[in-house]
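Residues 263 to 578, numbered by my numbering, are exactly what the sequence shown covers, in order.
Just so you know, the hints here were simulated from the structure itself, not pulled from any lab data. One should not assume that every hint holds.
[Stated by the list, open to error] The calculated lysine-lysine pairs, modelled on PhoX-like cross-linking and capped at a C-alpha distance of 20 Å, are: (1) Lys277 with Lys314; (2) Lys350 with Lys277; (3) Lys557 with Lys517; (4) Lys318 with Lys277; (5) Lys277 with Lys323; (6) Lys321 with Lys277; (7) Lys380 with Lys350.
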Amino acid sequence: MSISRLVASYNELSKLDLRVLRVIEVLHRDHEYVPVRRIANYMGLEEELVVKSISKMNKLKLLVRRGLDNVRLTFPAYDILAIHTMAKRGVINAISPTPLGVGKESDVYAADSPGGVKYALKFHRLGRVSFRNVRKYRVWIGERRHITWLYEAKISAHMEYLALVKAYRAGIPVPRPKAVTRHLIAMEFINGVELYRFRLSNPRGVFEQVVSTIEGLMRINMVHGDLNEYNILIDPNNEEIRIIDWPQWMYLNVKGSRVILLRDLRNITRYFNNNYNLNIDFDELVSKLSPLMPKVEYPPSKAYGKLIKRITSMIK
263 MSISRLVASY
273 NELSKLDLRV
283 LRVIEVLHRD
293 HEYVPVRRIA
303 NYMGLEEELV
313 VKSISKMNKL
323 KLLVRRGLDN
333 VRLTFPAYDI
343 LAIHTMAKRG
353 VINAISPTPL
363 GVGKESDVYA
373 ADSPGGVKYA
383 LKFHRLGRVS
393 FRNVRKYRVW
403 IGERRHITWL
413 YEAKISAHME
423 YLALVKAYRA
433 GIPVPRPKAV
443 TRHLIAMEFI
453 NGVELYRFRL
463 SNPRGVFEQV
473 VSTIEGLMRI
483 NMVHGDLNEY
493 NILIDPNNEE
503 IRIIDWPQWM
513 YLNVKGSRVI
523 LLRDLRNITR
533 YFNNNYNLNI
543 DFDELVSKLS
553 PLMPKVEYPP
563 SKAYGKLIKR
573 ITSMIK
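Put together the whole structure using the sequences plus the hints.
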């Protein structure tokens with residue numbers, strides 16, 4: 263559903279409709295399809311009122327029914343809840359109808375704040391990727407509640423937001439994070455061009471920026487996890503970089519992270535060598551960074567223990 267249609271649907275909703283959506287979201291913790299009677303009981307309303315609201319939102323494609331008495335949220339409904347919360351917080355008051363980008367795992371739009379600041383809004387869409395790839399998020403979820411695509415998108419967004427906060431505070435060149443709710447992140451709008459779309463005048467200088475960024479991440483125990491020419495933005499005016507797309511980040515001291523780090527390094531080295539003939543020696547680069555590798559690696563369950571608690575406390 264386009265943003266324009268989404269906003270039109272949002273404008274048709276009453277306070278009761280929004281409350282019904284929020285209650286269904288809460289009850290998704292226990293049900294994939296939520297019984298209508300359960301919704302009415304939770305809200306303390308007559309079932310007839312709830313049914314009328316559900317029928318309206320079903321026509322707007324905000325809900326999917328299983329039979330007559332069970333419903334679940336769609337991604338457009340989740341978008342509406344997230345946008346509504348961002349607007350109530352005073353983060354945004356308008357969204358551009360044209361996406362900045364549409365990918366396998368997310369959609370990104372430009373938005374304006376009441377104060378005139380421009381933000382990028384990133385909606386996580388975990389349902390688009392493979393089942394195997396998405397289920398990696400079970401390390402964060404455990405067995406805490408019923409799993410839905412919406413909840414996994416929420417986990418992904420909160421993971422990325424925490425990565426942005428951690429990296430930004432350490433001086434890593436990333437968009438400044440502003441807010442997160444559900445599967446939606448508001449962050450600094452960057453006037454940049456993806457590396458693969460821009461011909462550099464100083465490729466070695468940009469490569470050194472990227473390596474310096476990787477080194478900085480290692481010093482704060484982080485690996486980007488998906489670093490390539492599509493996730494590096496270039497400022498056309500000065501060729502400074504910003505690193506985007508962080509949902510696959512890892513702690514450096516987690517078992518398996520070295521393989522991911524080497525993949526990031528190989529991706530970047532290959533790109534600059536193939537496109538700019540820099541003749542970078544991959545083994546020398548790895549040797550240069552090897553002193554920053556941790557001496558001890560931990561299993562994910564131990565390394566992420568505190569972070570799992572932090573994430574789940576943020577999204578209840």
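Evaluated hints:
Between lysine 277 and lysine 314 the CA atoms are separated by roughly 14 Å; this keeps the pair inside 20 Å, and the hint holds. About 13 Å separates the Cα atoms of lysine 350 and lysine 277, which keeps this hinted pair within 20 Å; it holds. Straight-line distance between C-alpha atoms of lysine 557 and lysine 517 comes to about 11 Å, which keeps the hinted pair within the 20 Å bound. Restraint check for lysine 318 and lysine 277: the C-alpha separation of about 13 Å stays at or below 20 Å, so the hint holds.
For the suggested pair lysine 277 and lysine 323, the alpha carbons sit about 18 Å apart, so the restraint of at most 20 Å is met. Among the hinted pairs, lysine 321 with lysine 277 is consistent with the structure: their alpha-carbon atoms are about 17 Å apart, no more than 20 Å. Between lysine 380 and lysine 350 the CA atoms are separated by roughly 17 Å; this keeps the pair inside 20 Å, and the hint holds.
Checked against the numbered hints given earlier, this structure breaks none of them.
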